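Student: Here's the letter readout for the chains.
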Amino acid sequence: MPLRETAPKLTPEQYEESFADITPRMNARQAAIEAARCLYCFDAACTIACPTRIDVPGFIKRIMTGNTRGAARVILEANILGQTCGRVCPTEALCEGACVMVEKGEEAIEIGRLQRYAVDHVLDRNIRLFHAGSPNGRRVACIGSGPASLSCAAALARKGYAVTIFDRAELPGGLSTYGIAAYKTRVSDSLREVEMVKSLGVVFKQKVEIGRDISFAQLEKEFDAIFIGVGLGETWAMDIEGEELEGVCGAMEFIERTKVLPFPQVSIGKRIACIGAGNTAIDVVTAARRLGAETVYLVYRRSEKEMSAFPYEHELAKNDEVIFLWQTQPVRILGDSGAVTGLECIRTVLGPPDARGRRSPEPIPDSLFTIDVDMVVRAVGQKPVTDFLRAVQGIELRKNGTVVADAHHQTGNKKYFAGGDCVNGGSEVVDAVAEGMAAARGIDAWLEETSGAARREN
Amino acid sequence: MADLRVKFCGIESPNPFWLASGPPTNTAGQVMRAFDAGWGGAVWKTIGERITNTSSRYGGIDYNGAKLMGFNNIELISDRPPEDNFREIAEVKKRYPENLVIASLMVESKRETWHEFVRRAEDAGADALELNFGCPHGMSERGMGSSVGQVPEYTEMITGWAKEAAKTPVIVKLTPNVTEVTRVALAAEKGGADAVSLINTVNSLMGVDLETFSGRPNVGGKSAHGGYCGPAIKPIALHMVSSVAKAVKIPIAGIGGVGYWTDAAEHIALGASVVQVCTAAMHYGFRIVEDMIDGLSGYMDDHGFRSTEDFRGRAVPNIKDWGDLDLNYKIVADIRQDLCIGCQLCYVACEDGAHQCIEPYTVAGNGKKNPNGMGVHVPRIIEDECVGCNLCALVCPVDQCISMKQIDEGKPFESWKMRAARQ
Numbered sequence: 001m002p003l004r005e006t007a008p009k010l011t012p013e014q015y016e017e018s019f020a021d022i023t024p025r026m027n028a029r030q031a032a033i034e035a036a037r038c039l040y041c042f043d044a045a046c047t048i049a050c051p052t053r054i055d056v057p058g059f060i061k062r063i064m065t066g067n068t069r070g071a072a073r074v075i076l077e078a079n080i081l082g083q084t085c086g087r088v089c090p091t092e093a094l095c096e097g098a099c100v101m102v103e104k105g106e107e108a109i110e111i112g113r114l115q116r117y118a119v120d121h122v123l124d125r126n127i128r129l130f131h132a133g134s135p136n137g138r139r140v141a142c143i144g145s146g147p148a149s150l151s152c153a154a155a156l157a158r159k160g161y162a163v164t165i166f167d168r169a170e171l172p173g174g175l176s177t178y179g180i181a182a183y184k185t186r187v188s189d190s191l192r193e194v195e196m197v198k199s200l201g202v203v204f205k206q207k208v209e210i211g212r213d214i215s216f217a218q219l220e221k222e223f224d225a226i227f228i229g230v231g232l233g234e235t236w237a238m239d240i241e242g243e244e245l246e247g248v249c250g251a252m253e254f255i256e257r258t259k260v261l262p263f264p265q266v267s268i269g270k271r272i273a274c275i276g277a278g279n280t281a282i283d284v285v286t287a288a289r290r291l292g293a294e295t296v297y298l299v300y301r302r303s304e305k306e307m308s309a310f311p312y313e314h315e316l317a318k319n320d321e322v323i324f325l326w327q328t329q330p331v332r333i334l335g336d337s338g339a340v341t342g343l344e345c346i347r348t349v350l351g352p353p354d355a356r357g358r359r360s361p362e363p364i365p366d367s368l369f370t371i372d373v374d375m376v377v378r379a380v381g382q383k384p385v386t387d388f389l390r391a392v393q394g395i396e397l398r399k400n401g402t403v404v405a406d407a408h409h410q411t412g413n414k415k416y417f418a419g420g421d422c423v424n425g426g427s428e429v430v431d432a433v434a435e436g437m438a439a440a441r442g443i444d445a446w447l448e449e450t451s452g453a454a455r456r457e458n
Numbered sequence: 001m002a003d004l005r006v007k008f009c010g011i012e013s014p015n016p017f018w019l020a021s022g023p024p025t026n027t028a029g030q031v032m033r034a035f036d037a038g039w040g041g042a043v044w045k046t047i048g049e050r051i052t053n054t055s056s057r058y059g060g061i062d063y064n065g066a067k068l069m070g071f072n073n074i075e076l077i078s079d080r081p082p083e084d085n086f087r088e089i090a091e092v093k094k095r096y097p098e099n100l101v102i103a104s105l106m107v108e109s110k111r112e113t114w115h116e117f118v119r120r121a122e123d124a125g126a127d128a129l130e131l132n133f134g135c136p137h138g139m140s141e142r143g144m145g146s147s148v149g150q151v152p153e154y155t156e157m158i159t160g161w162a163k164e165a166a167k168t169p170v171i172v173k174l175t176p177n178v179t180e181v182t183r184v185a186l187a188a189e190k191g192g193a194d195a196v197s198l199i200n201t202v203n204s205l206m207g208v209d210l211e212t213f214s215g216r217p218n219v220g221g222k223s224a225h226g227g228y229c230g231p232a233i234k235p236i237a238l239h240m241v242s243s244v245a246k247a248v249k250i251p252i253a254g255i256g257g258v259g260y261w262t263d264a265a266e267h268i269a270l271g272a273s274v275v276q277v278c279t280a281a282m283h284y285g286f287r288i289v290e291d292m293i294d295g296l297s298g299y300m301d302d303h304g305f306r307s308t309e310d311f312r313g314r315a316v317p318n319i320k321d322w323g324d325l326d327l328n329y330k331i332v333a334d335i336r337q338d339l340c341i342g343c344q345l346c347y348v349a350c351e352d353g354a355h356q357c358i359e360p361y362t363v364a365g366n367g368k369k370n371p372n373g374m375g376v377h378v379p380r381i382i383e384d385e386c387v388g389c390n391l392c393a394l395v396c397p398v399d400q401c402i403s404m405k406q407i408d409e410g411k412p413f414e415s416w417k418m419r420a421a422r423q
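Top line first, the protein sequences correspond to chains A and B. Letter by letter, the first sequence follows residues 1 to 458 in the working numbering. Letter by letter, the second sequence follows residues 1 to 423 in the working numbering.
Same shape as in the complex, but just chain A (with noise of 0.2 Å):
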């Protein structure tokens, strides 16, 4: 059933040239220009402020001089995913808000531009920085092929391990593929990333559901550990009247689509509630106002205190000229026909704050009001999907279904090991990375206690 009313279509210039990059890359000379501006600290603060502690001075250092196949070896040695990570960290709450030019009263050094200037040049060229190690007989399978799994497994088989990538999805990247803004990475920029981790040996069995199209017995059997990445799942339902309609969808279900199809296939209303106020939500809303959508909303039920965005997310939302209803809750989806015609939201005031510190909001009697919609996109949090993993024994959840494991991200079953949204409940690309790092660290170590401890019986 189609939409109430659709977005005019744009010309093809149009739809590029809204989801360009919003942040281009630089020259050579902007980054020679910028690369000395650094000032090439000891110890450096933003390398402290990296959860996967890229050495930020040593590769700025490099690009200053030429040495940019230099630089991106340093990056990617720490960071496998450092072309992601270059477009889409918060690097004003990461690298770049430790960096100590603020302090100094200038601009902090533009780190993540610098980050994928150089890893644009090895990608670019196709330029090979690493090998697989030579083998070492040891089979790892990682569930999940997004920045966790990827980062566990290139890490795994630059030692010598032959690992093996588990995933259900058509295209391997995960979240990087397929749940990033369009104007921050494309597919086929992740994909390439994708092929670098290939190029270690890593092999990618898509369309593969474990638990089902290969038993958890199947799997242990074939490998020495396995590396769970899943991630998270499909958007919450929010529970309320209507959302069976034809236009109410999720918002990792919206990104995707704005990802895999051309842009004018994006069906897109022409006025668009989306119901939350994280960064996705804004991925979603600026999304939508670049697809051609005239009236865009923000509801959310605090205010635009407790928003859980960061402030050049909202930046962003602002000057696509989104309309922010702070402190409103939806109340019922209204249809005709089968199709969204309305969203009826409710003001609320906010209450003491919680536990959590968060001021818990409780609607205002009689303030209901409508507003005119042909969209509702949900944009409050994923589910996880870590049920299937209840067939293992050992592995233990947590009540919002994230994986238990230990500092060597080691689960409740020695074989297992997790990291990444399934087991911090969602963050960053650039912790999941440094989670699957970590993991390979732990899974390397078992492995080799368990293996000198079997020598040392026979």
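Just so you know, not all the hints are guaranteed correct.
[What the hints assert, rightly or not] Pairs of lysine-lysine, DSS-like flavour, derived with a Cα cap of 25 Å:
| no. | chain 1 | residue 1 | chain 2 | residue 2 |
| --- | --- | --- | --- | --- |
| 1 | B | K320 | A | K104 |
| 2 | A | K207 | A | K259 |
| 3 | B | K67 | A | K61 |
| 4 | B | K249 | B | K320 |
Hints in this document: simulated from the structure, not taken from any laboratory. Keep in mind it's a predicted model, so treat the numbers as computed, not measured.
Chain B: place on chain A using the hints.
Tutor: Chain B in isolation, oriented as in the chain A frame:
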């Protein structure tokens, strides 16, 4: 308002800013535009028998994104016929009688030829003559330029020839490509020079193209050594100017790395009466003199100097032999915690490159923006170990953050010479 007029071996210049002999003083058009912009004098591009120049001619060194920290050239003297140059000098002098035109000369080492060119320059109306004994490339291989200036005896002899014919002041331009510049300066003085100017350019090769392995500047894949100049050579020039200022009694025209009025003031404080500028004018044009005039006047007003004579040479007595320095003078570094940004460049410089007297220290908060809940690095000086070398203060990127403070240990002045004399 300070009076910038300068008397220089009997001739008066509207200000101490002259264009040095070089590409900016190649034609009457350039020199007249320079005078319009405010330059007090111009030393004409060196006149001699016609030569042919190469293409390319210049090379530059950029540093950290800033262009032309250093500059070099393999250009020779004027490639225009001497008669054209002399005719244009006459024209300029007619239209700009207040400004000084100094004819730079370089001819074969024959007494008659020198006499002839001196006469022709003076007939054209040049206010003074500058003998180019400094050019380090191209001309030196032909027995001119620095091949004269590198030998005190030749310098004295040819200066004498010029003086035999000259009615106007004779300035001898010195090359820095010698082991002891004062010997050549003294030879010029002995030969009768009315003044010396220094330094000419420094022998240099600007670099190698790592793809083609040709040198820079590149002339059809080959290169040759040339004369280095620009901001990079100022310290070399200041050293030589101060040495010559102590050695000779005749006036000095200071040359080398003058781009700002502060550079000019430093040359003057070390004994120069006027300064000559080339590279900065090649980089930015004649207009740079506006700020030079303005800045120097303001500085002089602030310090109550009515003329440059009031501070000329004032720094010379403070330039000593190492053996005369006070071994008991003691300073230590002091880091201002409130200004420290936590880059730790001072720490690593001291630890790896100096005397291991700074320790890393992390404070929580420190009242600063503290991203990611991290502590802030604020290194500490180990005062008892600090030798007062300056390195930390030199590398610190924050103004005023690290200063060197004097520690009075109550010890009397004692130089190495005094100590050696006692032993």
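Student: Any hints from earlier that this structure breaks? Give me their numbers in increasing order, please.
Tutor: 1
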